[in-house]
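Number of protein chains: 2
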Amino acid sequence: MTQRHRKSHGRRIEHPLRARKLGIDSHSEALVFLHRDSAVCRSEGFSAHNRILLCAGDRRIVATLYQVTDSIIGRNEAGLSDVAWERLGLSDGDEIEAVHPPPLDSLSLVRSRIYGNALDKQAFREIIGDIVAGDYSDIHIASFVTACATKPLDAAEVLSLTEAMVESGDRLSWNKDIVVDKHSVGGLPGNRTTPIVVAIMASLGLTMPKTSSRAITSPAGTADTMETLAPVDLDPEEIHRVVEQEGGCVVWGGAVNLSPADDILIRVERALDLDSEGQLIASVLSKKAAAGATHLVLDMPVGPTAKVRSTAAAMMLEKGLLAVAQSFGMRAVVVVSDGNQPVGHGIGPALEARDVLAVLNNHADAPTDLRDRALKLAGALLELANAAPEGHGIAVARSALQDGRAARKFEAICTAQGGRRTPPVSTHRRDIAATRSGRIDAIDNRKIAKLAKLAGAPEARAAGVEMHARLGDVATSGRALCTVHAETPGELDYALSYAAANADMFWIEDI
Amino acid sequence: MTQRHRKSHGRRIEHPLRARKLGIDSHSEALVFLHRDSAVCRSEGFSAHNRILLCAGDRRIVATLYQVTDSIIGRNEAGLSDVAWERLGLSDGDEIEAVHPPPLDSLSLVRSRIYGNALDKQAFREIIGDIVAGDYSDIHIASFVTACATKPLDAAEVLSLTEAMVESGDRLSWNKDIVVDKHSVGGLPGNRTTPIVVAIMASLGLTMPKTSSRAITSPAGTADTMETLAPVDLDPEEIHRVVEQEGGCVVWGGAVNLSPADDILIRVERALDLDSEGQLIASVLSKKAAAGATHLVLDMPVGPTAKVRSTAAAMMLEKGLLAVAQSFGMRAVVVVSDGNQPVGHGIGPALEARDVLAVLNNHADAPTDLRDRALKLAGALLELANAAPEGHGIAVARSALQDGRAARKFEAICTAQGGRRTPPVSTHRRDIAATRSGRIDAIDNRKIAKLAKLAGAPEARAAGVEMHARLGDVATSGRALCTVHAETPGELDYALSYAAANADMFWIEDI
Numbered sequence: 001m002t003q004r005h006r007k008s009h010g011r012r013i014e015h016p017l018r019a020r021k022l023g024i025d026s027h028s029e030a031l032v033f034l035h036r037d038s039a040v041c042r043s044e045g046f047s048a049h050n051r052i053l054l055c056a057g058d059r060r061i062v063a064t065l066y067q068v069t070d071s072i073i074g075r076n077e078a079g080l081s082d083v084a085w086e087r088l089g090l091s092d093g094d095e096i097e098a099v100h101p102p103p104l105d106s107l108s109l110v111r112s113r114i115y116g117n118a119l120d121k122q123a124f125r126e127i128i129g130d131i132v133a134g135d136y137s138d139i140h141i142a143s144f145v146t147a148c149a150t151k152p153l154d155a156a157e158v159l160s161l162t163e164a165m166v167e168s169g170d171r172l173s174w175n176k177d178i179v180v181d182k183h184s185v186g187g188l189p190g191n192r193t194t195p196i197v198v199a200i201m202a203s204l205g206l207t208m209p210k211t212s213s214r215a216i217t218s219p220a221g222t223a224d225t226m227e228t229l230a231p232v233d234l235d236p237e238e239i240h241r242v243v244e245q246e247g248g249c250v251v252w253g254g255a256v257n258l259s260p261a262d263d264i265l266i267r268v269e270r271a272l273d274l275d276s277e278g279q280l281i282a283s284v285l286s287k288k289a290a291a292g293a294t295h296l297v298l299d300m301p302v303g304p305t306a307k308v309r310s311t312a313a314a315m316m317l318e319k320g321l322l323a324v325a326q327s328f329g330m331r332a333v334v335v336v337s338d339g340n341q342p343v344g345h346g347i348g349p350a351l352e353a354r355d356v357l358a359v360l361n362n363h364a365d366a367p368t369d370l371r372d373r374a375l376k377l378a379g380a381l382l383e384l385a386n387a388a389p390e391g392h393g394i395a396v397a398r399s400a401l402q403d404g405r406a407a408r409k410f411e412a413i414c415t416a417q418g419g420r421r422t423p424p425v426s427t428h429r430r431d432i433a434a435t436r437s438g439r440i441d442a443i444d445n446r447k448i449a450k451l452a453k454l455a456g457a458p459e460a461r462a463a464g465v466e467m468h469a470r471l472g473d474v475a476t477s478g479r480a481l482c483t484v485h486a487e488t489p490g491e492l493d494y495a496l497s498y499a500a501a502n503a504d505m506f507w508i509e510d511i
Numbered sequence: 001m002t003q004r005h006r007k008s009h010g011r012r013i014e015h016p017l018r019a020r021k022l023g024i025d026s027h028s029e030a031l032v033f034l035h036r037d038s039a040v041c042r043s044e045g046f047s048a049h050n051r052i053l054l055c056a057g058d059r060r061i062v063a064t065l066y067q068v069t070d071s072i073i074g075r076n077e078a079g080l081s082d083v084a085w086e087r088l089g090l091s092d093g094d095e096i097e098a099v100h101p102p103p104l105d106s107l108s109l110v111r112s113r114i115y116g117n118a119l120d121k122q123a124f125r126e127i128i129g130d131i132v133a134g135d136y137s138d139i140h141i142a143s144f145v146t147a148c149a150t151k152p153l154d155a156a157e158v159l160s161l162t163e164a165m166v167e168s169g170d171r172l173s174w175n176k177d178i179v180v181d182k183h184s185v186g187g188l189p190g191n192r193t194t195p196i197v198v199a200i201m202a203s204l205g206l207t208m209p210k211t212s213s214r215a216i217t218s219p220a221g222t223a224d225t226m227e228t229l230a231p232v233d234l235d236p237e238e239i240h241r242v243v244e245q246e247g248g249c250v251v252w253g254g255a256v257n258l259s260p261a262d263d264i265l266i267r268v269e270r271a272l273d274l275d276s277e278g279q280l281i282a283s284v285l286s287k288k289a290a291a292g293a294t295h296l297v298l299d300m301p302v303g304p305t306a307k308v309r310s311t312a313a314a315m316m317l318e319k320g321l322l323a324v325a326q327s328f329g330m331r332a333v334v335v336v337s338d339g340n341q342p343v344g345h346g347i348g349p350a351l352e353a354r355d356v357l358a359v360l361n362n363h364a365d366a367p368t369d370l371r372d373r374a375l376k377l378a379g380a381l382l383e384l385a386n387a388a389p390e391g392h393g394i395a396v397a398r399s400a401l402q403d404g405r406a407a408r409k410f411e412a413i414c415t416a417q418g419g420r421r422t423p424p425v426s427t428h429r430r431d432i433a434a435t436r437s438g439r440i441d442a443i444d445n446r447k448i449a450k451l452a453k454l455a456g457a458p459e460a461r462a463a464g465v466e467m468h469a470r471l472g473d474v475a476t477s478g479r480a481l482c483t484v485h486a487e488t489p490g491e492l493d494y495a496l497s498y499a500a501a502n503a504d505m506f507w508i509e510d511i
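Here the protein sequences come in this chain order: F and Z. This note's numbering puts the first sequence at residues 1 to 511. This note's numbering puts the second sequence at residues 1 to 511.
Don't take every hint at face value.
Intra- or inter-copy, both count: the list cannot distinguish identical chains.
What the hints assert, rightly or not - DMTMM-like cross-link-like pairs, simulated, lysine to aspartate or glutamate; straight-line CA separation at most 20 angstroms:
1) 176 with 509
2) 307 with 277
3) 307 with 105
4) 21 with 70
5) 151 with 275
Since the hints were made in silico from the structure, they are not lab data.
Chain F extracted, bound-state conformation (with noise of 0.2 angstroms):
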């Protein structure tokens, strides 16, 4: 909330509408229908997809208005979406006010860079905090992104980004020296390597307060495989007393408001599938420098599906992290890895989850792949943070997996955050066979995510894909590549004919 939207306070409100809650979910971006015909859209001339302020008591906020011809809001009414009504702290019948909003200052400067400008720090602390505000429609977001990226931001406004961004929300703090992290750029379904990770460091006494997202587009998030093995959903003074204790945590970054500006940036990136550099750094960095971490790894799997394409890119991108990290006393390191198809057998909360355990306990039928990930980036934090000699990092890592100290401190972690949980299991299961035999020499990541979706994942937490077939193996006309999981008969058959529709998401070649 920005001074300026406190100035009309104290007037008498000319027309007084109505507050309703429409129950309609749209994400960051507050909504307001009005009627047509209501005094107030006659007499401020307001159109759709105008920008208003509403007032209510203290709040104010800009939504986004849309003009009802019918019914279903009447012309003394405000119907507000889920997130308009939160952030006014509205209760039904509440009086609000609908009035033109202050001009958007800001926006002359996403408008100067346009033109050619670049933008210094109190420029960018201006744009951020008004995104924040929730005062930028997605029209004024996306053209920010934009222009961002069309004339890319140089070093020093990759860091006046971050440091806005960081300043945009709050900060967690550690009283320690070194706090590692971690963080995958790019999804690679079933590379759920963050507990594991978490796991070894803490038990090797370093401390890795881990927060985590829940899955937006994938399959699953770090947060909801979790969630599957302890409650996620910690307040900052709960973190603090989990870490205090464990020296670790995995937990859903949702209720810490760490880089807020982030997921609002994130969301219109993603609709526009557009990803520079200079964003990807400060989006990064602005989370973890918040969440007060000092070291951090990058997974960055590299693959010709993948966010990044190439051991190149993935260079030129370590270099400016690297030089942003630097500026807010972080060292970074990314380790690259192979991108080209799913990690682990299962892809979906409890599939993944069962993932994690198997590895951490040493199971026999433990996924390698999974396990050679997580001690590599294990392994690399180990040594950038000094807690291993240069090159012995992933043996320092073995050890504490294999003597069973990383499980022990899992437990304990989940213990710490609400206590353990067991993963929950499908009820509704089916074989995807091979029509053919032959190579297998490729697996489309994003078909055998969707294939999760469809069956149910996330949101079902059992459902998702056992995959039983890898690159390079051979596979048997008639024999499982894969089986589905779901929680519901529907969703097995929807997740069928998808499968039967898409069988070259397993490319098989003869031998």
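Model the placement of chain Z on the given structure of chain F, informed by the hints.
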């Protein structure tokens, strides 16, 4: 509707939804409201703000999804905004299907431009085609517009964009060697020269089929003003009949589908307050090329609060316009004019119509500034079209005005358009008096326009502002500076309280 949308036709509908018209005006962006717990949201994994493909029989559109948790939408229902409803051609209770849309291939062209590559004609054709088909969300459009402004379009790109915009809609053709047209860049309140210019040109035997817009953010568009004098909602056949009979018309462009991309792009550019030269050229010339114009005069008011702020900028723009116009076989000329204060006496549809009639009929109290501007534009157009010798255009235009030819032609055009109307007269008026004596040093165009809108313009046709003072006039404390006209007492009050709070709309200095 693009080809790829038809691919899924013929499949069985997995989760049929009962279509319901919600009566929501969302401009050109189609919206769909689905219950979050509907089978289709669960199985397809839709989330808020997703773009989804709606199918009804042969018709397919892409709409932005909002998810509803309340009972306003049932679990088997799809609530649709007006534009979605119309584009799907639905009747209440029709069954529709909602699925993931095919990938929006042309977005990769937008990204390519963001990453530094110029676009060719085929690229613009695909992007503009998808925009007109409604496949782009506002986020996508904002990104495209911003990418074309941040790295300005080169001359070849401006031409390609203009051509693509012309191709995206209908074209009028006139079987004439010379078809004249006029466009005003940047609205100055009361600058209603078009009906006068059309009457003069047509009275001199030229062809001037003028399509105009209604007000979007201003107190009156040319179509709103003309509508108080004659019907303006003519279809293409009727327009042809009027123009064949009288040589000219002043009709609303909304009934003819000329450069439909333009209206969509302008809406987003306005939200961004972004006006890049390349887009302005494409916007103006695509409409004019589609309207079949061969000779074009551009009225360009220049002033500190106008769209174009310097004569140098006006000349730059002229250069770009001429180059693209030439490629379409069009000749264009820019007439720079004073943009420091409103034009004429009246602001608002009927008040402006009264000024137009006063000028056409050579009334003693006709506003001389409006007359002089119209003569200057008509003169420039006559010379450009070789219908008057160099340097004599204004004199030729003046004689057509003075001897009554223009007035008779205007009456004939009104009759041909469906019958001359008498502009309505306001029922409620109040003077706004000077609060001090002195010389009027500045008039705020923006505030005067807002005052007229608060009084009810353009919906209330008789509403608006009647100006009594101009720059340089000596004001006397207590004497009227302007009169507010309204159709209801409530709107009059609303305008007056705005005027009281904004006395600086007239800036009076001691003499």
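Structure-based check of all given hints:
no., hint, in the structure
1, 176 with 509, "neither (54 angstroms within a copy, 65 angstroms between copies)"
2, 307 with 277, "within (11 angstroms within a copy, 35 angstroms between copies)"
3, 307 with 105, "between (35 angstroms within a copy, 18 angstroms between copies)"
4, 21 with 70, "both (17 angstroms within a copy, 9 angstroms between copies)"
5, 151 with 275, "both (13 angstroms within a copy, 18 angstroms between copies)"
Checked against the numbered hints given earlier, the structure breaks only hint 1 and satisfies all the rest.
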